[in-house]
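J.: Numbering (my numbering), first residue to last: 4 to 139.
Just so you know, the hints here were simulated from the structure itself, not pulled from any lab data.
Values in this document were obtained by computation on a predicted structure and should not be read as measured data.
Heads up, a few of these hints could be off.
[Said to hold, decoys possible] The calculated label-pair distances, taken between Cβ atoms and stated as ranges, are:
hint, residue 1, residue 2, range
1, 137, 115, 18 to 24 Å
2, 85, 33, 18 to 24 Å
3, 136, 33, 29 to 35 Å
4, 48, 7, 34 to 40 Å
Every residue gets a Cβ at the ideal spot worked out from N, C-alpha and C, and that includes glycine.
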Amino acid sequence: MKPPALGKLAATGAVLGPACDAIHNQSLLQYDVLPIGDGIAKTSLLIPPLLALTYALLGGVFPAIARRVAPGAAAAPLIDDQKLRTIAAVVATCSVIKLSAVLIAADAPNALVVLAAAALVQWATLDGTYASLLLA
């Protein structure tokens with residue numbers, strides 16, 4: 004992946020990542036280091052750079068490595084349009100994060116199974132590569 008694309012992924016992680024993180028923090032996490040926000044939007048100043056790095060690695064570097072390790076080993080994702088798939092990925096990730104918070108708060112006995120099923124649906128819809136399934 005070219006550096007400009009990695010920069011876009013990093014910028015997306017730095018901007019959208021904290022919004023997803025705030026969903027997670029509604030009931031599960033509390034930051035003790037550089038906390039910011041109040042009410043339902045709580046995060047840390049450490050989150051934007053950490054998620055910038057994470058988005059660049061998970062969205063650009065790791066897939067490039069996986070393509071070299073297992074070239075051509077892909078199933079077609081259910082959503083072909085890249086822009087729609089990007090929006091769906093953000094919405095799906097936020098939904099899985101919220102689902103995990105709800106399941107943990109409810110002390111659901113099958114929370115791990117439900118979250119694994121949600122992640123599998125997310126993979127099939129948005130990615131579909133066998134390399135990413137193996138990495139997950």
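J.: Next step is simple, just say for each hint if it's right about the structure.
T.: To see whether the hints hold, each was checked on the structure:
1. 137 with 115: 18 to 24 Å: For residue 137 and residue 115 the Cβ distance comes to about 19 Å; the hint holds.
2. 85 with 33: 18 to 24 Å: violated (36 Å)
3. 136 with 33: 29 to 35 Å: About 33 Å separates the Cβ atoms of residue 136 and residue 33, which means 29 to 35 Å holds.
4. 48 with 7: 34 to 40 Å: violated (26 Å)
Taken one by one, the earlier hints fail for this structure at numbers 2, 4, listed in ascending order.
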